[in-house]
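There are 2 protein chains.
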Amino acid sequence: MYRTHTCGELTLNEAGKAVTLAGWVQRVRNLGGMTFVDLRDRYGITQLLIDEKASSELKAETAALGREFVVQVVGRVVERAAKNPKLPTGEIEISVNKIKVLNAAELPPFTIEDETDGGDELRMKFRYLDLRRNPLRKAMELRHKMAYEVRTYMNNEKFLEIETPYLIKSTPEGARDFIVPSRINAGQFYALPQSPQTFKQILMVGGYDRYFQIVRCFRDEDLRADRQPEFTQIDCEMAFVEREDVLQTFEGLAKHLFDAVLGVKFEGDFPRITYAEAMKYYGCDKPDIRFDMRIGELTEAAKGKGFGLFDSAEYIGAISAPNCSEYTRKQLDELSEWVKRPQIGAKALVYIKVGDELKSSVDKFYSVAELQNFVEITGAKKGDLLLILAGAKKQTLSALSALRLEMGARLNLRTEGVFKPLWVVDFPLFEYDEPTQRFYAMHHPFTSPNPDQIDLFYSSRKEDLEQVCANAYDFVINGVEIGGGSIRIHDSKQQRRMFEILGFTPEAAEEQFGFIINAFRYGAPPHGGIAFGFDRWCATFGGSESIRDYIAFPKNNAGRDVMIDSPAPVGEEQLRELSIKINKEEKID
Amino acid sequence: MYRTHTCGELTLNEAGKAVTLAGWVQRVRNLGGMTFVDLRDRYGITQLLIDEKASSELKAETAALGREFVVQVVGRVVERAAKNPKLPTGEIEISVNKIKVLNAAELPPFTIEDETDGGDELRMKFRYLDLRRNPLRKAMELRHKMAYEVRTYMNNEKFLEIETPYLIKSTPEGARDFIVPSRINAGQFYALPQSPQTFKQILMVGGYDRYFQIVRCFRDEDLRADRQPEFTQIDCEMAFVEREDVLQTFEGLAKHLFDAVLGVKFEGDFPRITYAEAMKYYGCDKPDIRFDMRIGELTEAAKGKGFGLFDSAEYIGAISAPNCSEYTRKQLDELSEWVKRPQIGAKALVYIKVGDELKSSVDKFYSVAELQNFVEITGAKKGDLLLILAGAKKQTLSALSALRLEMGARLNLRTEGVFKPLWVVDFPLFEYDEPTQRFYAMHHPFTSPNPDQIDLFYSSRKEDLEQVCANAYDFVINGVEIGGGSIRIHDSKQQRRMFEILGFTPEAAEEQFGFIINAFRYGAPPHGGIAFGFDRWCATFGGSESIRDYIAFPKNNAGRDVMIDSPAPVGEEQLRELSIKINKEEKID
Numbered sequence: 001m002y003r004t005h006t007c008g009e010l011t012l013n014e015a016g017k018a019v020t021l022a023g024w025v026q027r028v029r030n031l032g033g034m035t036f037v038d039l040r041d042r043y044g045i046t047q048l049l050i051d052e053k054a055s056s057e058l059k060a061e062t063a064a065l066g067r068e069f070v071v072q073v074v075g076r077v078v079e080r081a082a083k084n085p086k087l088p089t090g091e092i093e094i095s096v097n098k099i100k101v102l103n104a105a106e107l108p109p110f111t112i113e114d115e116t117d118g119g120d121e122l123r124m125k126f127r128y129l130d131l132r133r134n135p136l137r138k139a140m141e142l143r144h145k146m147a148y149e150v151r152t153y154m155n156n157e158k159f160l161e162i163e164t165p166y167l168i169k170s171t172p173e174g175a176r177d178f179i180v181p182s183r184i185n186a187g188q189f190y191a192l193p194q195s196p197q198t199f200k201q202i203l204m205v206g207g208y209d210r211y212f213q214i215v216r217c218f219r220d221e222d223l224r225a226d227r228q229p230e231f232t233q234i235d236c237e238m239a240f241v242e243r244e245d246v247l248q249t250f251e252g253l254a255k256h257l258f259d260a261v262l263g264v265k266f267e268g269d270f271p272r273i274t275y276a277e278a279m280k281y282y283g284c285d286k287p288d289i290r291f292d293m294r295i296g297e298l299t300e301a302a303k304g305k306g307f308g309l310f311d312s313a314e315y316i317g318a319i320s321a322p323n324c325s326e327y328t329r330k331q332l333d334e335l336s337e338w339v340k341r342p343q344i345g346a347k348a349l350v351y352i353k354v355g356d357e358l359k360s361s362v363d364k365f366y367s368v369a370e371l372q373n374f375v376e377i378t379g380a381k382k383g384d385l386l387l388i389l390a391g392a393k394k395q396t397l398s399a400l401s402a403l404r405l406e407m408g409a410r411l412n413l414r415t416e417g418v419f420k421p422l423w424v425v426d427f428p429l430f431e432y433d434e435p436t437q438r439f440y441a442m443h444h445p446f447t448s449p450n451p452d453q454i455d456l457f458y459s460s461r462k463e464d465l466e467q468v469c470a471n472a473y474d475f476v477i478n479g480v481e482i483g484g485g486s487i488r489i490h491d492s493k494q495q496r497r498m499f500e501i502l503g504f505t506p507e508a509a510e511e512q513f514g515f516i517i518n519a520f521r522y523g524a525p526p527h528g529g530i531a532f533g534f535d536r537w538c539a540t541f542g543g544s545e546s547i548r549d550y551i552a553f554p555k556n557n558a559g560r561d562v563m564i565d566s567p568a569p570v571g572e573e574q575l576r577e578l579s580i581k582i583n584k585e586e587k588i589d
Numbered sequence: 001m002y003r004t005h006t007c008g009e010l011t012l013n014e015a016g017k018a019v020t021l022a023g024w025v026q027r028v029r030n031l032g033g034m035t036f037v038d039l040r041d042r043y044g045i046t047q048l049l050i051d052e053k054a055s056s057e058l059k060a061e062t063a064a065l066g067r068e069f070v071v072q073v074v075g076r077v078v079e080r081a082a083k084n085p086k087l088p089t090g091e092i093e094i095s096v097n098k099i100k101v102l103n104a105a106e107l108p109p110f111t112i113e114d115e116t117d118g119g120d121e122l123r124m125k126f127r128y129l130d131l132r133r134n135p136l137r138k139a140m141e142l143r144h145k146m147a148y149e150v151r152t153y154m155n156n157e158k159f160l161e162i163e164t165p166y167l168i169k170s171t172p173e174g175a176r177d178f179i180v181p182s183r184i185n186a187g188q189f190y191a192l193p194q195s196p197q198t199f200k201q202i203l204m205v206g207g208y209d210r211y212f213q214i215v216r217c218f219r220d221e222d223l224r225a226d227r228q229p230e231f232t233q234i235d236c237e238m239a240f241v242e243r244e245d246v247l248q249t250f251e252g253l254a255k256h257l258f259d260a261v262l263g264v265k266f267e268g269d270f271p272r273i274t275y276a277e278a279m280k281y282y283g284c285d286k287p288d289i290r291f292d293m294r295i296g297e298l299t300e301a302a303k304g305k306g307f308g309l310f311d312s313a314e315y316i317g318a319i320s321a322p323n324c325s326e327y328t329r330k331q332l333d334e335l336s337e338w339v340k341r342p343q344i345g346a347k348a349l350v351y352i353k354v355g356d357e358l359k360s361s362v363d364k365f366y367s368v369a370e371l372q373n374f375v376e377i378t379g380a381k382k383g384d385l386l387l388i389l390a391g392a393k394k395q396t397l398s399a400l401s402a403l404r405l406e407m408g409a410r411l412n413l414r415t416e417g418v419f420k421p422l423w424v425v426d427f428p429l430f431e432y433d434e435p436t437q438r439f440y441a442m443h444h445p446f447t448s449p450n451p452d453q454i455d456l457f458y459s460s461r462k463e464d465l466e467q468v469c470a471n472a473y474d475f476v477i478n479g480v481e482i483g484g485g486s487i488r489i490h491d492s493k494q495q496r497r498m499f500e501i502l503g504f505t506p507e508a509a510e511e512q513f514g515f516i517i518n519a520f521r522y523g524a525p526p527h528g529g530i531a532f533g534f535d536r537w538c539a540t541f542g543g544s545e546s547i548r549d550y551i552a553f554p555k556n557n558a559g560r561d562v563m564i565d566s567p568a569p570v571g572e573e574q575l576r577e578l579s580i581k582i583n584k585e586e587k588i589d
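In order, the protein sequence lines correspond to chains A and B.
Going by the numbering used here, 410 is the number at position 410 of the first sequence; the sequence numbering is gapless.
Going by the numbering used here, 508 is the number at position 508 of the second sequence; the sequence numbering is gapless.
Just to be clear, a hint being listed does not mean it is correct.
To be verified - To give an idea of the interface, some chain B residues facing chain A are shown, with a C-beta separation under 8 Å as derived from the structure:
#1 N155
#2 I168
#3 A519
The set of hints was computed from the structure by calculation and includes no laboratory data.
All C-beta atoms, glycine included, are put in the ideal place defined by N, C-alpha and C.
Next comes chain A alone, as it looks inside the complex (with noise of 0.2 Å):
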């Protein structure tokens, strides 16, 4: 046996006791007679001493400790004489009689410390030296108790966990996929996928009813900051539900991962908007609610008043900055520049301080009667700021969205701790693509339009069918796209209908989809499902914007995992037996 006790749950109730403890010397103090070492392992850190009367043999001992050496020590609990009350340790010590070095460690390239001196690229590579970090851990504990949260709400709520492959079959809609070459039937390959949609929609057509799985998806995509190639899932999918049900069973979900894991409890539904809305009064699908600031239109109000920039413009939108009216022009320019940023795009911005009177940049242009309707329209109180944009409807309404979220940030209103969920539903079912002159699913072709809406999904006009929404729908946590879902299409009259909007002849939607339509022939139930992204869904509770810290072994920004130097060359033999060979050509881009 290897130690008696974690470093983590020595109190004074065991002083006295004899113990043997084992972890990685966090630190050495040696304060002339006595050395202090912190002990640390998974739970904790315990203090232990070595103290004067100590044998030189183990003062020697002591003084030959490097950090992260692993040890062992067999002592004696005492009461410390100065405690420490940050620790739940630390009201004691351990007065050392032996220690054993169980293995000597090399200087660690960068300091195991809550603030580490290690940059990115370094902890990468030693991740199992940053992996040893509190902040880390933390977040490795957090996910494993969110799993293990949801998979307590979902086995209570009679869904099963079922595994599907990983080793499936490439679809050319959609994103790229990864393949695997089949070595067994040359020439062919296998694909990861991307999302179980198909085997879940093929589980409902099996009689599963409630399904669910956190399961790994894979997508070969141009990585950005916040993407992996590889990713994790919570993917759900429930037979004879309407969108009521699904909604509130995933409310029932979250309700439970915010007061299981956080301690959050929340009272009665969470907020619903429409897709219409969100875009209308906060420029984007997935809102940060925790601060209001809504958007303002301004288009009818502000135009036609000879003040070019407005009145060419497609759309005017407004925010108003609360207590913001005092903003020196120093800031004002600054802001100025901030939403002239390439990221932001904004033309310009316009103001109107609303303190006494009405301050404001275009002043010339409008009459105080006329700023002070303004101010109005976008319910600004005395002593905000009101901020304009304008310019092509879509472009301002994501610079405001953007500007939204800064001001937000600025302002100390997106407060960490504090949770606003929401569902945004009615999502447009259809995205009409000028330059091929054809409509694309939004969601993927078994998306379901809403069931009042059935009317203007068999309608041939155009118009009409950019009206119809899909019965989808999206969960967002203080702006963050935490997971999406909806009710599928199961009736075959309207399977058909899709895919005649979306331009598939039978024939090819044969070709792509026929497989699973051949499932549908046989007995499908009404079905619907969400998927959540977990790694997301973790560093959200974790209070994090990054995915990164939420993964044991992430890649980097290039698909590369520094740590084991991956991915890397194969011999030839091995290729040969897989029936491929590398192609040198250059890549035509």
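Following the hints, put chain B in place on chain A, whose structure we already have.
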């Protein structure tokens, strides 16, 4: 709302209630005036009654129903005239007012019954229909329950479930990897993990102490009947442990699963036997100990008496089949043919009938006293039949093992529903390969030697090294290897010695295992672990020898998923993006 109740929950308690049910039409029985319909969902079957007084419309709708139609019915719960005590819902039926067909169904290609008329390939192709049958539904439910209870136990024992990556790096040792071409890193490949072995050891270096994961693993092997290219493991690792800690922890897991899933309780510890004992008494390293019938060795007692088969044999062994002394000539001939089959490969079967007197096929070579000695060595009792095989030791023990299992099966000693778990310990650390004149690791090169054989481990004599046992263990239930693991080497001197014995130069070891050897330099704790074959454990608990029914979407023996028709060719453009092409040369096998 599609239903007020499931098809498995209504009893006399709900008599008189108006209910709405939804499900699949299992069967329709038209008894002239009235029609009975069995409505099925995941939870059970409820009988529907459309009686004589029903509207002609309802009668016509009922007449139009086909097998596996998806319907919604509204009606009232009434007491049945003829109750069915076998069904939980057998006391009631639904007097139907309204039937709505939610989806029609084509006639399924095989019957959705416990005993179906569909062949293997057909059922694989229409897996979604096969999954509707009770045996598969129960298998999926068992698997869900197993996974859930594994997590319950592990969570209580403070194990963290940590997800390790699926896109890792190919290693030349061991079984073949599946590889995944990287698009962004042209000419380079990821590999799918054969197990998270390296990552779980890395997590121990990272201080995670108690790790587990229910995780998919991939092996590109030539498939045998009960192998799958992707399979699921319960993967576990612990730090600061010795063998006893690991065995106690996972014996606890097994007992928890036996109790929670099967309601089977065990008193006391599971038996442990050494590899040497297992080979000696059962002829194999995963004995089925539901029955005794141990092998007795007769080599010394039977050699040198002029019987050529025995005199020339390296080894002679016997089992004693209880109550078989009355076997007829025909039965004995048939058994003799059975052991001579190529799969078993024995040269001949010698028997002794232990009746009032001893009757043997080798009477003329052995005196009654000598035969009596054989009987005593094997512990045969009156009424038993002694079955003797002779030849090369390894092959003969293997044949005796097969014969023992066969006799156990014929005599109904391998009782279904009886579970006899055991630990097999002290496996050899090395295997000497004569052709290449070198030692191979039986397990893997990080497996530590038994702590009391360290001297032998450092010996330079081949005979000494052959005696060294691994600090490894297998978990066996009813003759099926469910799991295995070992205490790992954490001492760099031992690791160097291990590589030396295995014939790696320091450079070659660095080349192949550099990344983990490096990690070990920064403070590796003593650690060890185990991995369980989850598919196999589920099948064993379900009383099945095949894992295929315990996997929702298995592949066939050619590694194909015949339901989705995968693997499949992919487009030229997709290959070009990945910088690979198909190698059309003949494969050299």
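Holds or violated: the hint that N155(B) contacts chain A, with Cβ atoms closer than 8 Å. holds, 5 Å
May I ask you to test the interface hint for I168(B) with respect to chain A, counting a Cβ-Cβ separation under 8 Å as satisfied? Nearest chain A Cβ about 6 Å off; hint holds.
So, as I understand it, the hint says A519(B) touches chain A; can you test that by seeing if any CB pair is closer than 8 Å? Constraint on A519(B) satisfied, holds at 5 Å.
This entry satisfies every hint, going by the numbered hints stated previously.
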